[in-house]
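> Here is how the chains run, residue by residue.
2 protein chains.
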Amino acid sequence: MARTDIARRVYNHTWKLDPIVRSLLDTDFYKLLMLQMIWGMYPKVDATFSLINRTTSVRLADEIDEGELREQLDHARTLRFSKKEMIWLGGNNFYGRKQIFEPEFLAWLEGFRLPDYELSKRDGQYELSFSGPWMYTTLWEIPALAIINELRSRAAMRAFGPFALDVLYARAKAKMWAKTERLKALPGIRISDFGTRRRHSFLWQRWCVEALKEGIGEAFTGTSNVLLAMDNDLEALGTNAHELPMVFAALANSEKELKQAPYKVLQDWQRYYGGNLLIVLPDAFGTASFLRDAPDWVADWTGFRPDSAPPIEGGEKILSWWRERGKDPKQKLLIFSDGLEVETIEETYRHFKGKVRMSFGWGTNLTNDFEGCAPTETNSLDAISLVCKVTEANGRPAVKLSDNPAKATGDEKEIQRYLRIFGEKDRVEQLVKV
Amino acid sequence: MARTDIARRVYNHTWKLDPIVRSLLDTDFYKLLMLQMIWGMYPKVDATFSLINRTTSVRLADEIDEGELREQLDHARTLRFSKKEMIWLGGNNFYGRKQIFEPEFLAWLEGFRLPDYELSKRDGQYELSFSGPWMYTTLWEIPALAIINELRSRAAMRAFGPFALDVLYARAKAKMWAKTERLKALPGIRISDFGTRRRHSFLWQRWCVEALKEGIGEAFTGTSNVLLAMDNDLEALGTNAHELPMVFAALANSEKELKQAPYKVLQDWQRYYGGNLLIVLPDAFGTASFLRDAPDWVADWTGFRPDSAPPIEGGEKILSWWRERGKDPKQKLLIFSDGLEVETIEETYRHFKGKVRMSFGWGTNLTNDFEGCAPTETNSLDAISLVCKVTEANGRPAVKLSDNPAKATGDEKEIQRYLRIFGEKDRVEQLVKV
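Chains as they are written, first to last, in the numbering used here: chain G, 2 to 435; chain P, 2 to 435.
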């Protein structure tokens, strides 16, 4: 008797749409934390998010079919937070805290849907943007990126037969497992999944998260993906992102206000969150100027997430700064999250071991590392540096300087103005792979 | 750990074409027997086969996408007999006989491919025809019908979700199994699968054949489907079809030749085949006239396959005819194959038990009975009466009268001429369901 399940097979081969994003919880946790603050304090601010492909050699509009892209984006717009999801958001402890989300916020969230998008093609790239109230557009970032990245993988795999696919995933699994074995050898390491936006696919991210859970056990501290956290009883992790200082800076009406913008973010944040959620993201307009001008109370925060400086050099500067302010780095936390590979994690871990608490937010190289896995050579499965950044706030241009000039975004004239105000100290150009 | 096989899933959802016919052996065995004779004796005869949908209420051109139909037909044209298939055709015993196919014929068959087709739409129906040398066009009949029937099922199931499909097939399986239980209760019955052309799908036919094998054991004598016979070590069954007398009649140059055409078929056939392959198909131009004018040697043949008269009435007439010719029907074989349902099989079996050897070639109601199986009411899964008949031979119109006027095919004026020559005795109009 042949073992074909005819019903299942017929179903598999008559699919109309294979949705990439199937839940509004399939996003990064920090988006929800930020959203509560935006909803509470800045409900009238408009913000535009725009897709930026920094890997210009990859012509996304040639690789991905526009019709499929629209279908996926349209499908994401049909999503609502489900009852189960709302109950979980309200009832689960996050960072050891009950009811981190206010009932009024959750009541509003229940009616949330993603707003409309604008999509066109230009020079082989997609111009995709989301305009409207910040408290709506902000939630597009992660699903938009996940959709484009997965559509790209799908397109790349369309030519593969069943065995090529079997081999592809077998190799990727073997590769991933070898990484967990290396990481397991680092006592006391703490690693979490930050790979939602750049993942190869949802199912592959899920596999990686589950593999990490089994492979490194206690060293795996959780995932930024809220849906995966809920489904796998993992900690949902993440704090805040560049969009906060970027919008605040864009809204500043004077040079003084602009220079204060990064600290105003922290003050606002503190009204909502405490403890381990008090993590400073210092590099929006350069870490050096941030530390130089920071008020003393910033040193009371739990930790920093250096996100664009070289990790050891950048981390050491933060340690010095803490020491100058009379703080013992051993009580402090550094969260590394910029383009981590196993090698970087190992080096950084060895360097800082015993000096500071550390945590690694592992992204693209966790959930989208298929290099050398395809049976036939292809670049189409290599991850690209795709971001979705806030580009305007209330009609004014938004800018990010970063510690790495290659990661700067925004209008060039505005970048120059910001550089004059914040300075260029310690900015180091590094190749942005992902 | 989630149990999704990612590679398999990606493969399932990126299919380009799900070919319905994947082997030239996925056809009825009698087509190959006839083909050898056509190739050997009538290689210069041209014959056109045309699709005829007798269920005119079903608008095939509305239900089936033309692009998909062309893709499937084009795919069938890429097929060749594979090495394994050629070896099996040459090495297997058919009807107890070694090397039923001549080496020269097999050598020619190795290069065989299906010829081109003509396809257009008219009044909601497809006009599909195959013109050219008979020894090529003849092999289109079965794959063309199987393709159209399965495309129709696929279209009908497109709207079904995974559970609706699961229920559909579960019910169809339960229904099918109940039939095997009824048939098992008839001692000594002999049943074979004749359902290739009208099947719901290839996989479903395979399931039915395997279910019959397990369900009725020795009573299941084999299948007309050569591929399923090869793959399941079953007997490949079938002898000859109406196209032989129809072409011979069309080529007749006089009334005398026309009246002799049905017997000339048998003479030619006997040059190639013997024993249990000597089965007369008597109804092409009416069984009554066939028996009335038949030479004595026809009574020496192993049996008859009455294919359009009511089975008991029609069978009794053949028994009488044998007795008149001094033959004992108990030594003879009747093969019933016209629109059989379990009820007809039971009645016919009970009526003829002990009087004559019997065999049932079970077609449409074996491999395409989904009535009442769909969770939502639909007619789109009901089998229809679709045939692919020879309509011209060397440019002359071909005609079939049949014992059932509803099954007559061909130009109306020609039908009237044939009726004048062969007579109308015993023709009984019956509803043609399938």
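Treat the hints as calculated values from the structure; they're not laboratory data. A virtual CB, placed ideally from N, CA and C, is assigned to each residue, including glycine. Warning: the hint list may mix true and false statements.
[Said to hold, decoys possible] Computed cross-link-like contacts, DSBU-like style, restricted to lysine-lysine with a CA-CA straight-line distance of at most 30 Å:
id, chain 1, residue 1, chain 2, residue 2
1, P, Lys17, G, Lys122
2, G, Lys174, P, Lys174
3, P, Lys45, P, Lys257
4, G, Lys17, P, Lys174
5, G, Lys17, P, Lys45
[Stated by the list, open to error] So the derived list for chain P, only partly shown, Cβ under 10 Å to chain G, looks like this:
id, residue
6, Ile7
7, Val11
8, Thr15
9, Gly133
10, Trp208
11, Gln268
12, Val429
> Lys17(G) and Lys45(P) were given as a pair; does the straight-line alpha-carbon distance stay at or below 30 Å?
Violated, because 48 Å separates the two Cα atoms, which is more than 30 Å.
> Would you check the hint for Lys45(P) and Lys257(P), treating anything up to 30 Å between C-alpha atoms as holding?
The hint holds at about 23 Å.
> Hint check: is the beta carbon of Val429(P) less than 10 Å from a beta carbon of chain G?
Val429(P) check fails; min Cβ-Cβ to chain G is 38 Å, beyond 10 Å.
> Going by Cβ atoms only, is Gln268(P) closer than 10 Å to chain G?
violated (42 Å)
> Would the stated hint for Ile7(P) survive a check requiring a Cβ distance to chain G of less than 10 Å?
holds (5 Å)
> Please work out if Lys17(G) and Lys174(P) have their alpha carbons no farther apart than 30 Å.
This hinted pair holds, its Cα atoms lying about 26 Å apart.
> Given the hinted pair Lys174(G) and Lys174(P), is their Cα-Cα distance within 30 Å?
violated (39 Å)
> Given the hint that Lys17(P) pairs with Lys122(G), test it: the Cα-Cα distance must not exceed 30 Å.
Holds. Lys17(P) to Lys122(G) sits at ~26 Å (cutoff 30 Å).
> Can you verify the interface hint for Trp208(P): is its Cβ closer than 10 Å to any Cβ in chain G?
Because about 7 Å separates Trp208(P) from the closest Cβ in chain G, which is inside the 10 Å limit, the hint holds.
> Take the shortest C-beta to C-beta distance between Thr15(P) and chain G; is it under 10 Å?
The hint holds - Thr15(P) has a Cβ within 10 Å of chain G, the shortest such distance being about 5 Å.
> Would the stated hint for Gly133(P) survive a check requiring a Cβ distance to chain G of less than 10 Å?
Violated, because the Cβ-Cβ distance from Gly133(P) to chain G comes to roughly 33 Å (cut-off 10 Å).
> Is the interface hint for Val11(P) satisfied, with its Cβ closer than 10 Å to some Cβ of chain G?
holds (5 Å)
Hint compliance for this structure: hints 2, 5, 9, 11 and 12 are broken, all remaining hints hold.
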